[in-house]
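Sequence order for the protein chains is A and B. Residues in the first sequence are numbered from 47 upward in steps of one, following the working numbering. Residues in the second sequence are numbered from 1078 upward in steps of one, following the working numbering.
Hints listed in this document are in silico derivations from the structure and should not be mistaken for laboratory results. Keep in mind that the hints are not guaranteed to be accurate.
Claimed, not checked - Taking lysine-lysine and the DSSO-like style, the derived pairs with C-alpha atoms no more than 27 Å apart in a straight line are:
hint, chain 1, residue 1, chain 2, residue 2
1, B, Lys1262, A, Lys122
2, A, Lys85, B, Lys1236
3, A, Lys79, B, Lys1271
4, A, Lys79, B, Lys1262
5, B, Lys1262, A, Lys85
6, A, Lys161, B, Lys1271
7, A, Lys161, B, Lys1228
8, B, Lys1152, B, Lys1236
9, B, Lys1271, B, Lys1152
10, A, Lys378, B, Lys1262
What the hints assert, rightly or not - Some chain A residues well away from chain B (every beta-carbon gap over 12 Å; in silico):
hint, residue
11, Thr116
12, Ala222
13, Lys296
Note that beta-carbon positions come from the ideal geometry of N, C-alpha and C, so glycine has one too.
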Amino acid sequence: MGRLALFLVMGLGAAMGYIGFQMYRSTEIAADKQYAYLKYVNARNLARTAIHAALRTYDRGQTPPTGVYTDFGDGKFRLDSLRTSANSDTLWMVSRGAYAESTYTIHVTLFRTTKPFPIVKAALGIRAQPVAFALSGHAEVDGHNYRLDGTTVVGSGDLPGVTTMTSSDAVKVDSAGGANLKGDPPVKVDTSTVDPLAFLNIYRNNADFRYDMSGTYSRTTWGDTANPAIVYCNAGNDTSFSIKFTGQVKGCGVLVVRGNVQFNGNLDFKGLVIVDGFNTVVDFGAAGTPAVVGGIIVAGNAGASVTLKGTGANAKARYSSEALDKARNIGKLRYYSILDWYE
Amino acid sequence: MSTMFDIVASSVLFGILILAVARMQGNLNSTLYQNTYNTTMQTTAVEIARQIEYDFTKVGYRVTGRKILVADSSKLRFCGALTYGGPVDTIEYFWSEYPDTTTINELDRRLIRATTLGGPISQRLGVTEFRLSYFDTLNRLIPTPVTGLAKLAAIRSIKAQIRFESFEPIPEADSSTYFAVNWEKIIYPRNLGKAK
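Can you make the complete structure from the sequences, with help from the hints?
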């Protein structure tokens, strides 16, 4: 009897164990399925992260590495391959995300460009009307198409020295500039000049260098041709020189000037200068060879007063399509359009 | 006398034990049954989620013309290549209008996935709800059915909501209670609104 009871209990125990194991297996299968989905989703997110990381690396003016895994949490991602078109406006990328044993691959083709850029069709395009224009000293405005260095002429693509919105303003500018205005022709009426006011908020919000405080600054570098920058000088409407650059100032990109700014010494700026405000004086000081190579636009504030001063012998504003092309390639203003996305 | 008492007592105890074991066996069977359905439901949800994500992310891939052809609350027809560099296909998802009569559940209907190249597949999954919503570039809901080329072209994301229920009701519960799993996700097909 005792032996029978023992066998009965052992049999019951075995049956319970089997049933328990089946229940455990059932739960485990469900958990495995869920976890497999989690791994798949994480791998996918990491593959997408690889693309975003690569684009941000590009925006910093660097080339993202390929074939190198980056650890991220419990997973990792990498760029498998990267190819660009000859003019760098198209990117082909293959990215891979890995989480546990799950991997996810994405193939993308992207078109790379920058946000709309105000086009200047002269060395100095004046959108404001009427404009009080003064050009004193030896400041030269030249619409011939210069190379990036600002010294040699391309030989094609020449533009007017100054464009205005009305013929009366053209006469006024021509009279004020005289022989210091050069180009094809030196002064012209062009009502299609883009008003940069619509762009100013973007530039202000994305500025790499901001000067909101009055003061004197020197030895300043605002990006270069490989990494152009946005500079925002907000001197306000004070008629005194509240922002003054005294020493070596050089840069490339977009320079927004609101109020009075004085550049003394060897200003070397390549790109687009936007003159905002109502009483703006851009003063090229007496010493050195201050120069803007690219283009200048005066925003369309009614009755804007703009003065270009060049008390030295070499101050100049020269049109350069090359400089403007470089300037527009600002990382912060870059965006990508999807041509193809496979995942 | 004492032997007789032992036999009677042991018989009673054996009977109680047998009843307890039988009851436990019933409960275990029920739990096993529930676990099985639970697993099936969760597995189905995960697999359909992956299938929908895979297909919906291909909307517009390698397509130069219209990408979404029909967009309704329970029906979506779109163009896209399902493989990398592969041929463009027309894919359609829709929820049948009629209940699936092969199951006890009165609410479930077949989910049909059809491709031009591969033909239709009627999926018996216990889908009791299949709802699609569409959003534009500002994440504004576009009312369904989405009609007109401009509105179809404005779609930038698709929200899929699915409810799966077991084919049979939960044992020992009322006959209208079923195991259920809900899954929903907003999918942004990257090829919608692409530059070319």
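Is the straight-line distance between the alpha-carbon of Lys79/A and that of Lys1262/B 27 Å or less? Holds, at about 18 Å.
Beyond 12 Å from every chain B Cβ: check whether that's true for Ala222/A. Given a closest Cβ separation of 45 Å, the condition holds.
Would you mind confirming whether the straight-line C-alpha gap from Lys161/A to Lys1271/B stays at or under 27 Å? holds (16 Å)
Could you check that no beta carbon of chain B comes within 12 Å of the beta carbon of Thr116/A? holds (22 Å)
Between the alpha carbons of Lys85/A and Lys1236/B, is the straight-line distance 27 Å or under? Between Lys85/A and Lys1236/B the Cα gap is close to 22 Å, so the pair holds against 27 Å.
Quickly compare the C-alpha distance for Lys1262/B and Lys85/A to 27 Å and report which way the hint goes. The hint holds at about 17 Å.
Under the criterion that the straight-line Cα-Cα distance not exceed 27 Å, is the pair Lys1262/B, Lys122/A satisfied? The given pair, whose Cα atoms are some 24 Å apart, holds under the 27 Å limit.
What's the verdict on Lys378/A and Lys1262/B, does the C-alpha distance respect the 27 Å limit or exceed it? Roughly 31 Å separates the two Cα atoms, so the pair is violated.
Taking 27 Å as the top limit, are the C-alpha atoms of Lys1271/B and Lys1152/B close enough? holds (23 Å)
If you draw a straight line from the CA of Lys161/A to the CA of Lys1228/B, is it 27 Å or shorter? holds (26 Å)
Could you let me know if the closest chain B CB is still more than 12 Å away from the CB of Lys296/A? Label holds. Min Cβ-Cβ 36 Å, cutoff 12 Å.
For a C-alpha distance cap of 27 Å, please report whether Lys79/A and Lys1271/B respect it. violated (34 Å)
When held up to the earlier numbered hints, the structure conflicts with 3, 10 and fits the remainder.
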